[in-house]
Amino acid sequence: MSTITRSSRMPNAGAGGWDVERIRRDFPALHQQVHGKPLVYLDNAATSQKPQAVIDALTAYYTRDNSNVHRGVHLLSERATEAYEGARRRIQRHLNAASHREIVFVRQATEAINLVAASFGRTVVGAGDEIVISAIEHHANIVPWQMLCAEKGARLKVVPVDDRGELIMDEYARLLGPRTRLVAITQVSNALGTITPIRRIIELAHRENIPVLVDGAQAVPHQAVDVRELDCDFFAFSGHKAYGPTGIGVLYGKEAWLERMPPYQGGGDMIKLVTFEKTIYNDLPYKFEAGTPHIAGAIGLAVGLDYLAGLGLDRVSAWEHELLEYGTELLQAVPGVRLIGTAREKAGVLSFVLDGVHAHDVGTILDHQGVAVRAGHHCAMPVMERFGVAATVRASLGLYNTPGELEALASAVRSAREIIAG
Amino acid sequence: MTELRDLYQQVILDHNRKPRNFRVLESANRTAEGYNPLCGDQMKLYLDVEDGVIKDAAFQGKGCAISKASASLMTAAVIGKPVDEAEALFRRIHAMLTGDVTAKGASSGDGLGKLAVFEGVREFPSRIKCATLPWHTLRAALSGAGEAVTTE
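Residue numbers (the working numbering), protein chains in the order written: chain A, 1 to 422; chain B, 1001 to 1152.
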């Protein structure tokens, strides 16, 4: 196994007050061994580990306040409702949304996008209309639009990317036309880490009065998001990638849009009055929240986002950026490594292939050295096709990762080549 | 690291680097495609079956070391075998990889010759499908179903 020389660019743990060792103590799952080696968790784009505060919030809710929301006349229900609605307002503030009515709880970004496709899409999109997405979308921001297009006879237009994985903005501008009904584009690519010029994307679409949905699943864990500053019409993200629980996510929608949109699902809580003749729908955001919601999840997500905000999102971004640069340098020094996705603006993702070794084999060998990564197509098969690979190895960063962990990654990748390619 | 060596045995590494029967078989009268959507592995299997005997077998495609070595060793093992023997081999391999002890011939690699090198794969649940993909593709080719098989 090769030793790695520490480079001058190695992030200095503790610099700027970023005490990564102290932060790591907040995440109990990080402190374990896998296959007899200390866990190096680099699969954060799939899901992040949870701080103790989030775990405690879930336990406290189920231990003390568990009850249904919005309907009970008893104390526990009042406490649960207060905690659930309190979480909504904290998340509203985190995103700087204008009103709590614009924060709809869903299961994850996938459901948020499906909600918009089903409700907005079915109302606004017709035969011959167009929806614009990009070539680096996650399947969750492709398939719902394909399904809608198939149903309506509409067309999907795809903004191409260059060899670095950056959107070709001239092509984007050309795709916007009189039949474009919606632009749905990611803020950060899960497979490549590309940060898209989302402000410019929104600005150009708005010039043509086209609304924009932002897939923010990979943005929220890594940077501050201000939906009013972005001026996006919809913003979707998942809680579990942003240090919150699984099964909870948020759709932000401008109130003017949400008011015009029909409900997504029918059931309890989304109605004001039901007779067999007709039903009067509830106010926002409840119109879109049929059935008992994931109350504990919403509370846990608010705690997760508070945790992020408490550390300072600018400092989180800065730390992860240093790690990304260091990891890029380390991997580029490993013989046979080719990075996939080399956009000038990147966040949190090191996607690569190793000459002579399939990503799946790299993944297994890394796992046996304690290094958890993802190997595969990352739910972005068109991205893989664009770059002519079947699969990549993806190491994705979280705020608790360390320079030493990236050294362990690089060293494990070297050994993968030694084992398989000989 | 002993466990990792159980998976990546020398025979597997050798067949990964130099897969046998890795070509298009012009004389093929049975073909099937196999696909593992989890990792993107794709393979096409070619068989030349005459009078109930697999006269020749070959494959093309891209995949990890386990799936490539499995396809390589499988084609080498079935060439010259009657179809029913190849199918019996499928069942034995499947039982060995999935640890199905109720299957006839138990679940060990005893008597499987070189194919026994895949016994270690059983300890790697995320990799079992890599090893079984060529075998499922073989069964599809023999049954003449004509549809691509997937591991999902």
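Read the hints as simulated data drawn from the structure, not as lab findings.
Possibly wrong hints are sitting among the right ones.
So, partial list: chain A residues that the calculated Cβ filter (under 7 Å) puts toward chain B [as the list claims (entries may be wrong)]:
1) 328
2) 331
3) 355
4) 358
5) 360
6) 372
7) 390
8) 391
9) 415
10) 419
These numbers come from a predicted model, not from an experiment.
Note that beta-carbon positions come from the ideal geometry of N, C-alpha and C, so glycine has one too.
We went through each hint and held it up to the structure:
Hint on residue 328 of chain A is violated. Least Cβ distance to chain B is approximately 24 Å, over the 7 Å limit. Taking 7 Å as the C-beta cut-off, the interface hint given for residue 331 of chain A is violated, the closest approach to chain B being about 20 Å. About 13 Å separates the beta-carbon of residue 355 of chain A from the nearest beta-carbon of chain B, more than 7 Å, and the hint is not met. Annotation: interface hint on residue 358 of chain A holds; nearest CB of chain B at approximately 4 Å, less than 7 Å.
Below 7 Å, beta-carbon pairs count as interface contacts, and residue 360 of chain A has one with chain B at about 4 Å; its hint therefore holds. About 12 Å separates the beta-carbon of residue 372 of chain A from the nearest beta-carbon of chain B, more than 7 Å, and the hint is not met. For residue 390 of chain A, the suggested interface contact is upheld, since its CB lies about 4 Å from the closest CB of chain B, less than 7 Å. Interface restraint check: residue 391 of chain A against chain B, minimum CB-CB distance 5 Å, threshold 7 Å, status holds.
Contact between residue 415 of chain A and chain B, as hinted, is not supported at the beta carbon level, the nearest pair being about 9 Å apart and thus beyond 7 Å. Annotation: interface hint on residue 419 of chain A holds; nearest CB of chain B at approximately 6 Å, less than 7 Å.
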